[in-house]
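S.K.: Start from the sequences and build out the full structure, keeping to the hints where you can.
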Amino acid sequence: MEFAELIKTSRVESVVLAGAGLPPARGTLCITSHHLLLSSRPGGAGAAATVELWLLIRNVDAVEKRLCGSSGTITLRCKDLRVLQLEIPGMEECLNVASSIEALSSVDSLMMMYPFFYRPQGLRLEDGWHLFPLERFFQCIAAQTNQWRLSAVNKDFSTCPTYPPALIVPAAVDDGALRKAARFRHGGRFPVLSYYHRKNGTVMLRSGQPLTGPNRKRCPEDELLLAAALAQAARGFVVDTRSLQAAKQARMGGGGTEPKSAYPRWKRLHRPLERGRPLQESFVRLVDACNDASLSMDRWLSRLESSRWLSHVKAALSTACLAAQCLEREEACVLVHGAEGTDTTLLVTALAQLILDPSCRTLAGFQGLLEREWIQAGHPFHVRCARSAYSHARLKQEAPLFLLFLDCVWQLGRQFPRSLEFGERLLLALFDSAYASSYGTFLGNNEKER
Amino acid sequence: GRGDGAIGLSVCFCTGELLLCEANTVYKYIQEDGSNRGTYGKLICTNFKISFLDEDSASDDNEPQFKNKIIGENDITLQCVDQIYGVYDEKKKLLTGQLRKYPEKLIIYCKDLRVFHFCLRYTKEEEVKRIVSGIVHHSQTPKLLKRLFLFSYASAAPNNTGGRNQTVMFDTLEDWRDELERTKGNVKYKAVVTNEGYRVSEKLPLYFVVPICVSEESILKFQGRGIPIWCWSCHNGAALLKMSAFPKEQDDNTSQMQKAFLDGIYRTISNPPYELLKTEDLSSSLPSLQDIQTAYTRFKQLFLIDNSTDFWATDVKWFSLLESTNWLEIIRRFLKKAIEVAECLERQNSNVLLIEESATDLCCVISSLVQVMMDSYSRTKSGFQSLIQKEWVTGGHSFLDRCNHLHKNDKEEAPLFLLLLDCVWQLVQQYPPAFEFTETYLTVLSDSLYVPIFSTFFFNSQHQKDTNTTGESLKTQSGPFKFLTVWDWSVQFEPKAQALLSNPLYAEKLKPDKSQRKTTRFKHQRQLSLPLTQTKSSPKRGFFREETDHLIKNILGKRIGKFIINSSDEPHNSFKEFYDSWHSKPVDYHGLLLPSIDGPEIKVWAQRYLRWIPEAQLPGGGTIATAAKILDLMEEVQSLQVKMDEEHSQAISRDVQAVPMLRNSARLSSLFPFALLQRQSIKPALPTSTWKDLEDEDDLVKRDDEFVDLSGDMS
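Sequence lines, in order, name chains A and B.
Here the first sequence is numbered in the working numbering, starting from 1 and rising by one per residue.
Here the second sequence is numbered in the working numbering, starting from 451 and rising by one per residue.
Hints are computed from structural coordinates only; laboratory data are not their basis.
Take these hints with a grain of salt, some might be off.
[What the hints assert, rightly or not] A partial selection of chain A residues facing chain B, derived with a Cβ cut-off under 7 angstroms:
hint : residue
1    : 302
2    : 304
3    : 412
4    : 415
5    : 416
6    : 417
7    : 418
8    : 422
9    : 424
For glycine and all other residues, C-beta sits at the position ideal for the given N, C-alpha and C.
M.R.: Listed below in structure tokens is the structure:
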């Protein structure tokens, strides 16, 4: 495929751009393979052109066109929730521009994404990618205890396609047992270390659900792994991010939970967190409510409540608090999982660390946390963030879990303004770049694809 | 003074305070956790307050630092009592008049939103009868004005000088003339003495201001009705006026006469030199007093909760409950109306005449709000206090009736002054640097509504105050009463506590060497719309060029904007344009200040409404954490400044304004300074709303694998 095939009109003159809070600007609109540009000459024909818009087409979530007479208006609803209007003279141009943007914004192939083409000046490709290696994280733990080791069992992504090559596991469990345990866990996501609680010497683990199935299968290696993880700690808590009912139902599909008999020192706590489509719909409703531009936002509060977004925020935070509390106050170990172990699981483990550990609240620490608990841990950014709140496209696997995480962090920052080294702007930038970016950090679904 | 010795426990009595009844071994619950923890003590009722005297007065060592000198932690003034409930066999019953049965528990809901639970099970029956009927009688039944504690206090302490502070009281002709001069209204408006001896009306103040062309006869003709009364003049000469309308008249003749009279008045004040006149009939465009009262009654109920179970129960449906009270929507509508009025004055350059039947209710809210938004003097402490004097106290707002202090007529009750404070709070939280006072100031001001030591909020009009001050002094023939004014904050607070009423981050004007008046003039010049100033002053100053740029951008923006909206000059559009164009520019803290009135921007005044609810606190969190840090830095800068001055061997000792209470911000509560009054409690180190599911460690261990629905909101 060539980008040129998708671009029907690459240049239109005298287009007026308008957006909320911006003075309208008139200029030349250009469409390139990845960008939409609008430049104007405010000082008259001879003056230097000012670029009024430089928009990554990947950022466009929905395109709406309205024709009237010989001209048309295109409304671009972006994934970062901006809404822009382009007034285009000429009906044909308008239709061409709209369909070009539509086609370019729905290119789904990873290799065609802009980060593969973007080469900022002075780029050294290796810089930045290895700022937060798991090895260094492990060294900090190894300085405290010898109960844990760095395993290369997933070196070629064969044991678990969504895990990174290096993983931290109990020292007492060998790679063979890990492979067997992986077969017993959803997506091969066997329990691995997520956080080491220095003061109590306890750990937080995360995994996929155990594949007990309707026949209540067991796996001695998995049981061994979890027993080894406990070490001296008297007990552990399994924080299941599904309701008891949902967990039981999962058995019919081959999943399930850890039965008490097989894991005697682990106690299960169910904290149902919303995921998938209901969460995406909640996000859409929230954005709808926020975009009610009429000054009479009479129904703001009830629309906010009925979007249920804040109750998802609250549920996520209180589940993370629960996990943190088990580690800090109960001096117990914690295993967090839901079904796949790539969504709500990561939400809880990442938030719990932010709550527990001041070092995660520094800028560098927070970036390390994102790298460990979201990117390397295999949150499927590509499919979860394919569409934002405006898209009319049929939803597939979109769900704003990462946004929910950022919102929870923002709530913590607002409640305790001096606890975070970074500000709201970082969170906004992260949201924007998770959905569309010139950089490859959030590209793809897991380390294997990257 | 101290008590008269009749009471064993130490109790601070105000001068003129008399003990009416008392009961021993009363058990006061610590409302915090809904458990039965509490303390024994004595419950007393005086002619001033209801008070609980703790038996173990060990509280000396952790004395709250933000302390009211008059009202202690366990004191409730009689006027502060909202409702009293008795508990009979676990059932709550409202107590109003005569009681046949006496309850085992007494719950007192206060107007400052405190809730007290007293257990009377261990008290002698005789004492229960006396204290319960005493409290109900003195706080809930109709009262004579002269029975207010105000009078006992003033006659017992005749030497109160009532130290006059910077607040302008507006009870002299001079005050009005000064205000006219300050706002440059004196060209077209005059202060009149027509009402001396209350010849015109008892509702009007002794002195007030009218357009120069209005004659004494017209003022007298309908007892001041139909006369435009001046509130304030804008820098461009446009004035804010108010008028009490004629009541609906059955008689055709009379109404014809009134109509002709009004036409005449409108004609005179619409001609030059007067600007165009816009009239605003507030009673038709704003919620009625009844609506406001209903909304507030529902709203406050959300915060008058008995225990933490109640709290978590409301938490689930918080937003829709909040919305259904309609209180925030009422705030939004008043703010919006005030912006509309400001737009007429500022941009359309026309006079605005607010019309209401009495011109002392909705008018007060709107005219005060407009001035707070448009006149930065009203955003200083003394300016705000003078504004309250001008529009409310002297202006004739019926505080006695609206607060129902005397329990004469429940139908007259309406929290208009609280509404104003809440609207101003919205502005304060949106633009903190624009205000010299803090939200704490507004909170303690709202509390002062119920302290019958100050005359400020305890009369319906200046006439009522005057007649009761100079009138037949009952007991003593010591001449006129000398009442205190609430603006003397030293009566209630020590200097240390008073420091919390001033905003340390107030963006003061950088004109230190000019006198007050000069500064004001300078301010007005800056506010002038630029086309006028452009020709007058030379554009060589940096800031000025910036403003011109702004203007140009603004004009350009407008033109294109209009081009897009098809240039319709419909009033709504002009409002929206005004609002949007103001919000697209950076804020000048000393210029016009328009609140954001989008739904998400209107918030609950947490400090006032949530301050006694421990569940709503964030230990070590909230905006106070940032404020405390900034104060630390300021202190550091100041001390470095002192050091520098010393280095330069200047013997000037500077006042280092330290607020020692703010030290150690990690221990402050987000509801500071009020939450300090709460006793230390055993709280989880981690904030978690599921804590109630996990009472203690053992509990968590003993439980089976379980499914706990997250506070029920997931269903």
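S.K.: For each hint, tell me whether it holds in the structure or not.
M.R.: A quick look at each hint next to the structure:
Residue-level restraint check for residue 302 of chain A holds (minimum Cβ-Cβ distance to chain B is 5 angstroms; threshold 7 angstroms). Interface hint status for residue 304 of chain A: upheld, as the beta-carbon distance to the closest one in chain B is roughly 6 angstroms, under 7 angstroms. Hint on residue 412 of chain A is violated. Least Cβ distance to chain B is approximately 9 angstroms, over the 7 angstroms limit. Contact between residue 415 of chain A and chain B, as hinted, is supported at the beta carbon level, the nearest pair being about 5 angstroms apart and thus within 7 angstroms.
Interface restraint check for residue 416 of chain A: the shortest CB-CB distance to chain B comes to about 4 angstroms, inside 7 angstroms, so the restraint holds. For residue 417 of chain A, the suggested interface contact is upheld, since its CB lies about 5 angstroms from the closest CB of chain B, less than 7 angstroms. Given the 7 angstroms rule on beta carbons, the hint for residue 418 of chain A holds: about 5 angstroms separates it from the nearest Cβ of chain B. Hint status for residue 422 of chain A relative to chain B: violated, with the closest Cβ pair at about 15 angstroms, above 7 angstroms.
The beta carbon of residue 424 of chain A comes no nearer than 13 angstroms to any beta carbon in chain B, farther than 7 angstroms, and the hint placing it at the interface is violated.
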